[in-house]
Every structure is written in C-alpha cells, then in structure tokens.
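**Student:** Sequence:
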Amino acid sequence: MNSDILPDTLMQTARPAKATLKALNTPELLLQIIGYLTAKEIRRSAYTVSSLWNEISRDIVWKNVEDAGELFNALVRLTPDRDRFSSMPTRDDWESFERRVAKRVRRIYLSQHAFTRQMADVVYRSPFISKPVLKNIECIRWAVPGRVRDALGSAVHLLFMHPGLQRCDLEELQTPFIMNSYYPFPVFMREVATRAPNIRSLAVSASAFPQGEVTGASILDGALSTVLPMLPSLRTLRVPLCAFTERLLMAAAASSVLETLLPNPGQVDARKPWKGRTAIATLVRPEFHRVPTIPLDAFKSLTALQLCASLLDAAQLLSAGHPFVSSLMDFRLRVLEPSKNDEVNALTSAIANHARRLQHLTIAFHPPFIPYDPYVVPDAWRGDGINEHGLGPLSGASQLLTLHIVHAVPLALSDTALVQLLLPLSLLQDVSLVSEPNWIVGVGFEDLFPPHTPITIAALADIMNTHRRLERIGLYVDFMEGVPDEDKLPALQGRYALCELDLGTTGFPADFPSCPPTPSSQFSDHDDAQAQLDRLAMFLYEAICMGVDHCDIIHFGSGRNRRICSGMDDPDYSDCLSGEVRRRWEPVYDAISRFDA
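Heads up: the sequence shown at position 495 corresponds to 480 in our numbering, and the numbers run straight through without jumps.
Treat the hints as calculated values from the structure; they're not laboratory data. Note that CB positions come from ideal geometry on N, CA and C, so glycine has one too. Please note that the accuracy of each hint is not assured.
[Said to hold, decoys possible] Result set (DSS-like, lysine-lysine): computed pairs, CA atoms no more than 25 Å apart in a straight line:
1. K88 to K120
2. K88 to K48
3. K116 to K88
4. K120 to K48
5. K116 to K48
[As the list claims (entries may be wrong)] The following label-pair restraints were derived from C-beta to C-beta distances:
6. S411 to N121: 33 to 39 Å
7. E527 to R454: 15 to 21 Å
8. D66 to T211: 35 to 41 Å
Kindly produce the complete structure, drawing on both the sequences and the hints.
**Tutor:** What follows is the structure, encoded as structure tokens:
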C-alpha cells in the first residue's frame, strides 16, 4: 500500500457519510480498514472507497445497540420527548430501515422507556410487517415495564423474535406483568418459544414477591417449566430464586441438552460463573418462604453443584450415595451458620472419600445478613474460628485444580498445617485463602473477623517450590517472622507457572510510620519494620526473576483495608497514605513496577 496516502488525505477525497465519521474517528482504525485495499483500488474510485467505508462503519455503529431510541429514530424521527413517532412509518420507511440499519443489528438493549406503548401500537398495527424486521439479531436484553399489554408484547415479537435469536434476557419482571390476566406471562413466553425456538440462553430476573405471596412465583415457574420442552437448543437457563421449585427442576432434568441452570446474577454470589461444563446449580435458602425439594438424582449428568446449606447438611449430601457425587467436578458451598472444627472436618472427609473427581472447590463462610453496625453480630460468629483440626486432609481429591476458602470467621492455620493440606494436591493451579471483608459482610468487619493467621515467607516459598503448576496464590504472609537471618531469604528454585500473586499482610500498622508504636505492634521500632519492607522487596525481585508477572499487596489494618501496591496499575494512594509512608514503601513499589516491564 502506498505510504503517501494518509487518513486526512483520504477523508478529503472520499466524503464519508455521518455514520462513517462516528466509527472512523481514529487514525488507527482508519488505517486498519484501508489496509484491506490496494493503492490502485483507492486511486481508481473515491466513490468505491467511500462506499466500503460506509458499509464497514455502519456495521460497527449498529452491531451493538445500547440506546434503542437511536434505532427507532432511524425508522421515523421521534418526537422531542422520544416517546413516540412523529409520523406513521410508510412501506418505504420500513424497507429503507431494514436495508440500511436492521440487518446490521446483532445485540440490543431495550430499557423500560426505549420502546413505549405508543410506539408499540404503531408497530403492532402496521400493515407492512409480516416477518421479523431485525432478522439478524442474536441477543436481546429487555428491561420489561411493569405492565405489558398485548400490543407491546406482540410488537417485541414482530421486531426481534426470529429463529436465529440465540440469547434472550428478560430483566426486572414485576408482579403486574407476571400476574396479568389480560396478556398473561405464560402466553408471552410460549410466543417467544414459538418464534425463537433456537434460543441457547434464557435469563429471567424478577422483583421480589411479597412475603408469603406464592401465586406470582407459581405462575413464573409454571411458565418456564412449560416452555423448556419447546426450546430444544437451550443450554443455559437463569431464573429467579422463587422459580427454583421441584416442578422447574424436574423439567430441567428432563431436558436432554440443558447444561446450566443458575440463579439469576445478582441474587447469589457468582464471582466465577461456570463455563464449558455440564452444570446444574441449586440454591436452598433457609430464610426463603418456599424451599423446594431438590430431585438431585434426576440429573444424570450432574457435574457441578452450588448449595447454600450448613456444613453437616452438605457433608451428609455428599455421603448419601447419590450417583452424581462420584462424577462431581465443581462444588461450591455457601455456609450461613457458624461453623466448628468437627463440622468442617466432616465436609472435607466426605469430599476426600466420595468426590474424588472434584476439580474446583469453593467454601464461603457468610453471615446471613449485612448489618450496618458490626457490633450486632451474634456471639456465635465471634468464636475461635477454624484451625488445622477442622480442615482435614484432602488427599482423596487429588485432582483438585482450584481451592478457594472465603471466610468471615477466623481461619488459624500454621505453616506446617497449610503445607500439609496442599501437599497431596499436586495438580493445584489456584489456591486462595484471602477473605474480602467488605465484599462478604460490609465495612467495619475486618476487626471482628480477622484474616487467617499469616504464614511465614519461608512457607510461601515452600508452597511455590512444591506446586509448580500454581497460576495464582492468594495468602496472608507475615514478612516479620520465619527468617532468622534477614539477609538470607528462602530459595526460589527454577521458573514458575505463577501469573498472579495476591499477598495480604498484617505485619505493618495502617499508618506506618507516621503513627507511634502501640503495645499490639508486631515490632518495637520503625527501623525493624523498614527492614521487613526491604526483605519483601528482595523477595519480590527474586520472584520476578523466576517468572511471576503480577502481584497485589493488600494491607489489612485497623480502620480500613488498603491496597498498598499493585502490579496491574501505577497506584496513587495519596488519599490514604502520606508521602512519608510512600517513601517507606518505595523499595516495594520499585519491585512491583518490574512486573509491568
């Protein structure tokens, strides 16, 4: 390609359309597009170049529509308040709209006010629509209004529902629509299944029903149970908690292709959703007014299970002889009750003895509420926590790849206990015992629920050297202890697969070194603390040389947790750390900066 042809020269030669200017406003993107043409083709016809730019840019502009008002404005100009068409669309308007815009749309989000009842009436009564207009759309997200009349529902079907639709998300369903007798929700869902039978992902989220109200929930789960057999390609179904009834679960079990059934995002913890594995997730909440009986044996291909239950109930479930336990690969347990060592040991023993193919294990200890006052926490959650006598050996689950223990209770593991716990897990790729108090139980709980007992830097090096497959480590490390000679660090041997090292530390006070030493400090003077920072920097330098490419250090101190430094970004923590503190941490910053080099 002729290097003399520059973007500004080309823009002057071939006056692109307005849509082109919106998409091609950066030289890099323009040069990328021009790279598909030869210099001879560009010189031959400015019109040809302009037409190609126009086509490519319109595809970019309309591929993902977040503001549906712009889409409908391309059909007929909307009124200033954008709630209706300024005129009735003619046949030419519809044909032009389909030719210029509709065929390019792949994804669309309809807010509650983007497609009003007045606009739906116009579409519904138009004599010029006999088939879906947006025939290439693959994904629709619709924030459903409170009441859906038949005109609005039918207009949505006419515009968006077609056999090529792959994903449909119905958001913010409200009781008036679900319990509407004029245009019932089951009728709407059957129409969706009839017009778009090849949907692979269906998500429904609904506002909470009044306590004790079961009619709306019954209609919802009944409608979903009815349409499941009508969607032979459905792989993923996300539904509200109220729809997790025995009827829906049995319908899901009867589906030969459904792979994933999950509570809708936002209603349960789903930090790492399951992907690529046959999965059925079931959630039991003790405080929910209608707990279903879960027919687990009906799911013949069950390989992933998420439960919200006590430790003893989970242990009993795994030990009850269900055929799916032997093939279980992903198990996530959320515990809402205070736990003791013997209960934890019962669960780990059940896993080691019965779930030998398990690859991903997450145990999250959560109080069942998020109070604003941390001092209203029940005394049962203020115990001594869990130690090595509770976390029994997992040697039977030797195929574990991921081990996450997220805790809002003290977790006291000695160096030896932690190393022995991980030693049989030779395939481990991700281990994390780092809690996130603000995420789990709200601000202010870090003092009531301290992090687990920090391990020494020697134990961290031992884990790194023993588990060469580890890609992520999340642990608390005390750089104040464990190395008798501060000039001698534990050896790191060879290179590692480690990509992410998340270290929490309680070895330094929150305002070090500006605050005076306190009786609870782990060191007597700030010079000792500075020596530990130098040791940390030396360790990080060596880790970098061994292939580690990312590190986060989070300080858990009194008052608030602070991310001291990060290998992802160039942090500026002037709002929480004074200049003197930053100077004290400079060796660590210098070491961390090399992770991005």
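**Student:** Taking the hints in turn, state whether each one holds.
**Tutor:** Checked hints:
{"no.": "1", "hint": "K88 to K120", "result": "7 Å, holds"}
{"no.": "2", "hint": "K88 to K48", "result": "9 Å, holds"}
{"no.": "3", "hint": "K116 to K88", "result": "13 Å, holds"}
{"no.": "4", "hint": "K120 to K48", "result": "13 Å, holds"}
{"no.": "5", "hint": "K116 to K48", "result": "20 Å, holds"}
{"no.": "6", "hint": "S411 to N121: 33 to 39 Å", "result": "49 Å, violated"}
{"no.": "7", "hint": "E527 to R454: 15 to 21 Å", "result": "20 Å, holds"}
{"no.": "8", "hint": "D66 to T211: 35 to 41 Å", "result": "39 Å, holds"}
The structure shown violates just one earlier hint, number 6.
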